[in-house]
Structure formats: structure tokens, C-alpha cells
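Colleague: Given next are the chains, with one letter for each unit.
Number of protein chains: 2
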Amino acid sequence: MKRPVVLLLLLLGFTEVAIAQKARWIWYPGDFDIWLSNKVQNRRTEKGSFYPVFWKMDSHYVLVEFHKVVELKEPKQIAIHAEGTYNVKLDGNLIPGTPEKVWVPAGKHKINIKVFSQATVPSVWIAGKTICSDASWRVTIEDKEWIDETGKASDVSATTYHYAATGEFADPMQPPSAYKLPVVRKSAVATTSGLTDFGKETFGYIKLHGLRGKGKLTIYYGESKEEALSTAGAETLDQLTVDLPVKKDSVMPLSKAFRFVNIVKEGNVVLDSVSMLYEYADLPDKGSFSCSDPELNKIYDVAKYTLHLCSREFFIDGIKRDRWIWSGDAYQSDLMNYYLMNDNTTVTRTLYALRGKDPVTSHINTIMDYTFYWFMGIYDYYLYTGDEQFMRQNYERMKSLISWVLERRNKDGLLEWRPGDWIFIDWAAGLSKEGAISFEQLLFARSLETMSLCAKLVNDKDGAVYYGELATTLRKKLFDYYWSSQKNALVHSRINGQPTETVTRYANMFAIFFDYFDAAQKQAVKKSVLLNDDVQKITTPYMRFYELEALCAMGEQAYVLKEMKDYWGGMLQLGATSFWEEYKPGLTGADHYAMYGRPFGKSLCHAWGASPIYLLGKYYLGVKPLTAGYKTYLVQPELGGLQWMKGAVPTPDGNILVDVSTKQIKVHAPAGTGTLRIKSKTMPAGNDIEVISAGDNNYEITIKPARDYVINYTAL
Amino acid sequence: MKRPVVLLLLLLGFTEVAIAQKARWIWYPGDFDIWLSNKVQNRRTEKGSFYPVFWKMDSHYVLVEFHKVVELKEPKQIAIHAEGTYNVKLDGNLIPGTPEKVWVPAGKHKINIKVFSQATVPSVWIAGKTICSDASWRVTIEDKEWIDETGKASDVSATTYHYAATGEFADPMQPPSAYKLPVVRKSAVATTSGLTDFGKETFGYIKLHGLRGKGKLTIYYGESKEEALSTAGAETLDQLTVDLPVKKDSVMPLSKAFRFVNIVKEGNVVLDSVSMLYEYADLPDKGSFSCSDPELNKIYDVAKYTLHLCSREFFIDGIKRDRWIWSGDAYQSDLMNYYLMNDNTTVTRTLYALRGKDPVTSHINTIMDYTFYWFMGIYDYYLYTGDEQFMRQNYERMKSLISWVLERRNKDGLLEWRPGDWIFIDWAAGLSKEGAISFEQLLFARSLETMSLCAKLVNDKDGAVYYGELATTLRKKLFDYYWSSQKNALVHSRINGQPTETVTRYANMFAIFFDYFDAAQKQAVKKSVLLNDDVQKITTPYMRFYELEALCAMGEQAYVLKEMKDYWGGMLQLGATSFWEEYKPGLTGADHYAMYGRPFGKSLCHAWGASPIYLLGKYYLGVKPLTAGYKTYLVQPELGGLQWMKGAVPTPDGNILVDVSTKQIKVHAPAGTGTLRIKSKTMPAGNDIEVISAGDNNYEITIKPARDYVINYTAL
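Top to bottom, those sequences are chains Z and L.
With the first letter of the first sequence counted as 1, position 13 gets the number 14 in the numbering used here; the numbers rise by one all the way through.
With the first letter of the second sequence counted as 1, position 666 gets the number 667 in the numbering used here; the numbers rise by one all the way through.
To be clear, the hints were calculated from the coordinates, so they are not data collected in a lab.
Keep in mind that a hint or two might mislead.
Copies of the same chain look alike in the list, so a pair counts if it fits in one copy or across any two.
[Stated by the list, open to error] In silico DSS-like pairs for lysine-lysine, Cα to Cα no more than 25 Å straight-line: (1) K358 - K400; (2) K90 - K48; (3) K400 - K57; (4) K57 - K40.
Predicted model, so just to flag it, every value in this text is computed and none were measured.
Just chain Z, with the same shape it has in the complex:
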């Protein structure tokens, strides 16, 4: 992806290098993302068979027009590359042929480039001394140029023209469709009678060295040794028909997840050795965490590795089985990402891919809750990054999706299962999906709040009021319909207009960190639900994420620390080298690997297993944005029983560094205005700080950019 742009330099001459390097491939917003997701999601196989998604896949627009009005002091030449068949207009006049270089005269001029590409995403790369393709170009799928010529339809532009999307693709010889994750060769750590061990969970292309002979060869992939050795049970495999008189190396066509591979040969096939090409997204870590507890450090490291394995072209669920983009899973990866790689592109690419295109015919991934996580993911993305441009690009897609949802309300204004809907919530035995489930209404309300916020951002005043009122009404109904003062909890559902008796954790824990409960309700729910063993326990790291978040939000960091050590530490004690899709401490041996009725159905490397990254960054280091893009933020460290901890939390302007012991807190922030909130037995002290006492041993100190704060205090 980073080949030097040699050809370009020859083309433009040395003096234009600096500018040319600014040029990026551009395309219609969301189109590369959707196209790439089709490619990526259709790589799933099950026992060698193609295994695609079961919802509508959308596609890119095949005909796209890009344009920009430029103003030049002197004539300039631009170089043009396009993916697809294209034409170029200067001031509305078609330039003959398919020009690769165009002289733009001095003065104000309009450049239009129109591209058709059926198989790949129409995109262009334009570079000159002052004109470059970038996100300032406009783009449309219906220029209606003949109508525009009459001068009558100029106000069409407002609704159909967008700003172009762009990314990191700078090489004119490498259009977006050439995008591929990098690979690096890795050796196995051991091979015994056909079984090769790569030492830990990994992902890539198996390479067979010195393959020769005639017959068949089957590679059984295993996340566990048991899986690789189970020729009937292994979830993924590759089968080769071999007919090689002389030795040849062979790389498998699809990358796969494994720690072990078991190679079974038939006929006189022989093989020298096995290695792999490790495939990865090159997303450097920005955030970090370390502390006085070695087990927690190990948990953090394995969580990091798990998240990296599942952060590929997109945030995918897990690397062995689905390898699909699931909205609920991706939502958690987004949040972890903000505390580790803080990569915006993977978040927006995942959001675009999940949303697809109009018309909406189904919930995202067919799942009602997953539609709402998508809205919530947009809210969080804005909060953590401050990227208003994405909000604007995306607002029409948000509106049409929420309109589709609103159409599906029942007579009470609530959402129930309807044909074609999947109510997921969590993998949990016997969980009722009947009627209007409180958890779904809660996420629905949050989504409406997000709509209202985004409407404000894009200056849709009517929309802001409309969605805001819908949200308020629904929040009120949540309490009117589901709150049981007898159970001190939101009940699970409402069937035929009547609340049910069941209490589950889901709605109750979300209502805590959504701040939908008042302080008294929170305390009540903590006791009646969160710490109540009579309420069905959660067995997936997926919902443990929110359960522990709710407890952290209530200051239970010490309790959560113990839970993390038990739960994630429990997996480590079983030899896990990445975190799992589900973990039930009571199981033994290979029973841990079974799920979905299949002996090795469980994914042993699942993104939602990596939540300690998020919990440690947000609720122990205690760093979170209060306004978009960390313009204002909070630092509220909680040791939770640790002796010390330190780490970095990425923001759009750089890392916020936090180093905490029981006696001293060091903070450094690159930008924005922070509030350091400390509990201390003594009045916190430090150079050039103003300490505000909030009573009850609580203190607040304002953190200004680019200063090293060293504050002495006494932990409670």
C-alpha cells in the first residue's frame, strides 16, 4: 500500500512531489466500505463450503461524478488516474478521449470527472501542483447535467451532492480495489506427525513447503489441538488435489484462524514443512495500560492480541467462524478501539458496511438490537473523535433507517418481534423474546436521542425536536410500563399490554450507564439485579462487558477487578491465548470448545472477549470525553485495589497520560480541557493547580493542555 509514487514523480517533475503526495483516491461516501465488506464477508467457509451472510448485501454505485471548482493564478497541469471508464470536463466541455493529463488554465474553472465501474468502486486520483483529489471534491450519483444546463435545477445540488470520501490510498498505481492486508511470514513452533502448532491463536495463510506427489491433502484447522485432530469436527479445512512431479511451495487461497493445523495426506503426497503468512491490519497501539497486578497485565495483553486479531479490514466478530461484521460485536470493538488503536477509518468503514444502502428491508444483521447499536456507535464515534463530517455524510442513512424502525412500532409505540426480526440480546438459555422487551425499548430510546443529537449537528432543527420528543416519550414509557417498585427493577418484557414477572440483567444494567435511573434506582438495582445471584447469570464476555461497565459506573471497580481476574483469568488458566466467545467456568476439557450444538462451534478468539481494554481505560485510568473529540474530558482514576497503574488514552490530538499510585497522580494531556476528579483523604497538592473541593473527600482539578501535572494525594 505504500509503494513510492515513482511514476507520478516522473510525470510531474520533482518540484510537485510535496503536493502530489497529498493526493488521495476519492469515491462516493460508503461505497468502498460496502464493496470491501462484500469481498471480506464472502470469505467465510464451513468445512470447505462457501458460507455467506443471510441478509441483503448492497453494492457500490456504478456511475459516479466528481467535481470541484478551482481557482488558479497560473495554468497548471493535473494528472488523472481512475478506476473505471471515465471522462473529463473542463467548464462543462468534454475533453476528447480519456485524458491522463489536463492543463487547467488560470482563473476560476470547474473540473468534472465521471467514472463508470461495474465490478469495483468508481474512484479517481488527481494530482497537480495545487489541485489534488481529496475530501473537498464533490460527488454525486445523478448529476442531471442536462437539466442543470437550463439553470433551473441548481438547487438539486443541495440534496444530491456530497463531499467525496477518501482514505489512505495515495499511490496512483494502487486504486482502492487493490487494498489488501499485509502479511508477514511466521514459523511454527512444533510439528508432530502431521500436527503443527503455531504456539498461539493466529490468523493467516498456511504455506506448504516442498509439496510433491500425487493424491490428496487436507488441512484441518484448529483453534485447539482437539479441533485440528478432529477430521469430522474441525470447523474449517482446505482440500487440495495434488499432482506435482517436482517439489513446489503452495499457499492456501483463503486466510484462516488457527493455532494448530493437522495435515492429512492421501496417495504418495509428501511435504517438507508448514509455515504461515500472518495477515494483519497495521493498526499501531496508541493506548496502553499496566499496573501492579501481573495477572491483570496478562489479561490486558491477551485482550489486546484478541482485539487486533479481530480488527481487520473491519471490526469482525471472531476470526474462525463468521468473520462477519456484526453490529453488536463491532459496537464493542469501536469502544475498545478508542482506548487502544483509536483508528477512525476502521470505525467508519464498519459503520458504513453495516448500514448498507436504502431501501431498508431488515434490521442490521436482521437483529433488532443490532440496529440500535449502530445508532449508538455513531453517537460514540462522534463523542470520541469529533468527526462532524461523518455525521453529515451519514445523516440521510440514519434518517431512513430510523423511519423504517418507527414504522414498525405497535399501538403502544413499542417494538415487538415481527416476521423477519431476530431479537438477539445475548446467548442465554430460555431467554424470552416474546412481546415488547424492555431492553429493546431502552436501546430504541438511546437511538432516538442519537438521532436528535445528529439532527442538531446537521442543522435539521425540526428533526432535532421530532426525534427528541420521541425519545422523551419512550423513556417515560420505559418506567411507566416496565419499572416494578416491588422488584426494584425493570422487568424483562410486556406481553399483550401486561408487564411480565421476569427480571433480567440487560435493561437494568444499560439503564445505569445510560443514566436513565436516578441515584436511588441505581443503588436499588445494584442490589436487586446486578449483585443478585437469583437473576440469570451472564455467560458471554459480550454481556459481561456491559454488566461490568454498569458496576464500574457505580464505583465498584474493586469488585469488577476481582470479576475480571476470575473470568478472563479463568480463560488464561485454561491456556487461552486469545479470549473466547463464551466462557462457562463449570465446564471441563474440550467441552469448553463446543457451542451451537457443534463440538468446536465456539470461537476462541472473539472481539467481544477483549473488553478489559475498555474497562481499564475508561473506568480505572478513568479517562473519557465529555464533549465531542475530547474538547472537554474527565480523568477519574480508580485503582480498585491496585497499588499502581499507568497508561495512555488516545484522543484525536494525542495521548492523555495517566500514572496513578495510592499517593501520587500524574497527568499529561495534549489538548482540550480536562477535569481530574480524585477521591482523597487529604487535600490534593501540586504546583500551579487549583483544587476545588466537591465535599465528601471529592476534589476536582482542571487539566490544561501540554502541562505535566504531578499531584500528591492520599487514596481512600
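Since the structure of chain Z is already known, use the hints to place chain L on it.
Modeller: Relative to the frame of chain Z, chain L by itself:
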């Protein structure tokens, strides 16, 4: 396209040949049509530059599931070919790998095949002794299989599953994407100093024989000699850079329209000769017409040739310039097609391509009137073919398009220009497009009537009532708002709630053959509009089509015959070998070729120039369906001054043959029940017929299938 299916025969053995030949490639309805239209419409060039459409282009669904429940007495093997990556399930169980042959056991079984293809249309070809891919297979873009497994979402099927689309593609080695029009070599008739004449308007790939040397070669295409010789004015050209030390033949990459090509060489480029590969759609003529007037026969022949040149993968406007699918143009080709080739595939393919996919963001081709011609085209297609399946496949697309239109009504319930709309009507100087134009409301009313009819067909009773009431209300408004009893006409428009004073022909002539006028209004309008030279004249064959149709519908065949001879005969006298986009008798010389401000902008082979085919079949031979698919029909011959005429009109069941002199009428029909309506001075007589006198020299005779009627009468 018709290669013998040799491979298949080897695969299945001789005994299964008969069945295997029934197997057809199948795909999601409309997807091949849309995909092909993208390919075809992006072939337009202007002076060597790519020249695409200016509206949204849609695309196929990339992931499609096909399935069928079969019942077998004994196990059978099926062979499977797919375009794309695919998997096969038998009774819900994935078959390992990518099976090319599958044994289906005896009994009742469900076969599912799921295909992903980004660049081409996902499609499958399945053949066995009793199981074949055909239009009985179901298809969906969202199988939601996981939800279906719970048994809860079975009623999803009703809304998301369709019957597969199919066509003539039978060869398993030639998937739909391989579809190409056939070509045949044709020689030039003369070459003089670089200018080659092919004798008449034609279409295909220029082939250069014995090309050699180094330099450049430019081919200027001309529909006229003047155009080919105008290196600055020729609308299309090909430029080659030649570097050939030895002689080589070279075929141009894109087919083009021309009668003349002018080859200009630079450097030492030499050439032996020029020929062409004539490219055509293999649509045999079924209908025919000949008569006592040689000039009219010549007009009919040139109209046929014109229509054939413009009937390609789709019904396109003309062959030189746009080569796009324009709804208004295609609507006329459809109607002519019913009287000549009667090819259903080209009609439905064109209708699918025009409609594209949801969401609707614009009128069809951006033109308001063209949206309505699309609805009217569906009505006619049903009437002429009786193809109910297409109505069902298409009804959802009709609903979403009409909903989009209904949203755009003004407070009076009328449609006015809104940003992004093009009100076309016709090429006519100074035609006002302001306010609510009567012509558009008329087409809108007709479209609503079509919606109501289709709603009935697909058993949408509420829809039938809803659209029917909308149509009735709008028809009433047409008269309330636009009828001027002073002018005896519908006025052109209504601006700010007030009718304008202008009268144009458009709404008035359509209201005649729509039967919206009563008999008195028709007579009044004939005088006040149609035969009134003070009302702006029509200069395009496009609107002459309807003007002459209106006159024919009122029995003015003699007048129309003279008009045809003047107008189309006028073009022939100027040497036309195909009929033009526009014809203004007053012009001279090469001025005839100018249009759109360009010296050779006019298309000299335009489908809408071929309307005599339709007029002669429908209003002279007088054959037209009264109910869908010619179940009942009318034969009402009108000689219009001719001594004799005879011809064939195609129906789904074969040709209706009509042979008429002033004394005798012969009729033969293959199916259905016809009504022969004759004006005669004497009582018509013949063997075994029953003549009903309708008074005033009008007689009716019932025509039964497969009988030769010979009826003696005396023309008035």
C-alpha cells in the same frame, strides 16, 4: 449463444438430453436486465470521449439464494453451474465444497443454492432428468435462514421470495454475462479516397484490413457523407495509434452507427480495405404489411429497418448518439414491436432497466412524462401479451415508483416541475414547462389507472380501490381545471391555480385515444386542435406518432395516409435509408442533419421514426387486443384510400392474417375470439358466418380460431 450443450450430454448421458435442454440460467428478477443496461448504456461516446447517462444507475444484487422443493420417485443426479461463488444445501444441510454434481434422493427434498457475484449477476443453471432450473424456482436476496430455523419467520417468505427470472440462456458454458449480440460480415459498396460508403444506414464494428505502418489513423463515422467528411463535426470517431511492421487486420472495440466512414491517416500508415461486422439482435419479423401503394410499402420497409437497428439488447432511442434506454422512446418501440417482432424479452428487459431499483430518487430518465410512459408500457405489455407473471414480479416496483410520484403533488393534487425534474413532452420551440401542465396530468391519470388494474391482477384489493379513486379524481380535475369550452380544447397548463390561454396538441390528442373525451369533445378537438394550423405544429416523428394515432382513432385513415406519405415519404425523397429523430420539410441540404446546436447532432436512425409499423397494423389492418393476450380482439380494417392491403399481426398464439380489398376481406386467427368490424354498403356475406348489423353500414362478425374467413362486402 446457441452452442450445442455437448459437455452436458457427456455429463448426463444421452437419455437425459431432452430434459437438460429445458434447463435455463436463472437469476433474480430484473437483475440481468439492469446489469446489461449498465454495460450497454456506458458504450456511448462523443468524439471519442466516454459519455454516460446523467441519472442514477442501479446494479444487481450481489448475493442471491435460489431454492426449490422437489419430489422424486427415484434418486436423480443434477448438474450445477453457477456464475459466482456458490454453495448447495440439501434439506438445509450444506454439501461439502462446491459441488458440480449432486445426488438428490427419492422423496420430497429442498435444494438451496446461494451465489455471490460482485461483477456479474449471480445466476445458476441446474439440469437433471426431472429437475431443471427454470421460472418455477424461488429466489430471494435475504433468506434470513437462521431466523427461519426457529420456525418463527416463515411468513417472511411471502414478502421476500420471488420466482426466478429466466431467459433464453440454455448453454451451461455460457452464463448470462457472456450474452453478446451476433455479428455478420458486410462489405462496403464503394470507397473513394478514404471515404467508404456502406450503401445505407448500418451499425457494427469497422474492420480495417491490411493495416500497416507507423502513425495515426482516425475513423470519422457519418450517418451522412457530410458528417463523415467533417473531421470537426462528426459525432463519433475512433483514433488508433498504429505501429505495425507487417499487415494486420484490426476490428474497432465499439460498434457504431454509420453509412459512411472517412479514414484519415497520418505518418506512413497504409490500409488495404474496410469492411464491417454488422451487429444485430436476432429478432425475426412476425408481422407484415403490404398494399397497393408502392411508396407506402417502401415507408413500411424503411420503418422496419429503422426499428430493427434500434432494437438491440434493449429498445434504444437511436443508434448514433445516445444509444440509451429512454422511456418515452422505448414506449413507442414496444408498440411497434407488437406489430412486427412481437418479442416479449426485449420489452420486459427494457422495462426492468428503465425502472432500476429502489429507492426512487428521480423520474425515469429524470423526465416526468417518461415515468408515466413506463406505467403505460406495462399496461400495454399486459394487454398485448397477457403475461401476468411479469405483473406480479413488477408490482412492488410499480408501487414504490407511484408512491414517490404521489408524494410530489402540489396542494391541488397536480404535478408541477420540481427541482431535478425534466418536463420533456417534445422537442418544440418555446414550449412552456411552467406550472401544472395538462399533458403531464393526463399521463399521470393513465398511470394511476394502470396501477389500479395491476393491483387487481395481483389481488391487492385495497390498492385497486385506492389507485382507482385517485385516477377518477384526477380525470375529473383534468376537465374542471383545463377544459376550455371557449377554445374547445384542454389548455396547456395551469399556473398559480389559473389556467393559461395556450392550446397545444399534446393533451388533446392523447385524450382522444385514451377515450377521455366524449364523442362531441373529440369532434370539437379534431377541428379546434388537430386540424387547426394555428396550433403549433409537431416536427418530431415522436409526437407525430400520437397525433396520427389520434386521427386514426377518429377514422381519419385517408388523411393520415396522405400525412404519412408526405412526412415519411419526404424523408425518403431526401435519400433517407432509415427514419430520423426530427424532420422539418422546410430545410435544405445538410441543414437537415443539424440538431442541439451541432451540425450533425441529429440522429438519422431513430426508433420513434418507425411509427408507420404501428399505425398500419393497428389502424389500417385494424387489429388490436381487447383483453389481455388477445383472448378477445378487434379486426377493423380501414383501407384509407388504398386499393388493397394485406398483412399479419402477431399475437401470443400466432399471427392474425388480414387481407383486404374494396370487395373482399379475408381473416384467419390462431386463437381467441375476434370481432371483425366492417363498414360496407352491402350486407357482408361469407360461408358459415353470422353478421350483426350495428346500423349505419356497420357490421360485426365473430372470428373464431383456426378458420379461414372470406367475406365479400362493398367498401364505402
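Colleague: Evaluate each hint against the coordinates.
Modeller: Status of each hint after checking the structure:
1. K358 - K400: For K358 and K400, both the intra-copy (12 Å) and inter-copy (20 Å) Cα distances are at most 25 Å.
2. K90 - K48: Between copies only: 13 Å across, 52 Å inside.
3. K400 - K57: both (19 Å within a copy, 21 Å between copies)
4. K57 - K40: Both: 14 Å inside a chain and 23 Å across chains, each within 25 Å.
Checked against the numbered hints given earlier, the structure satisfies every one of them.
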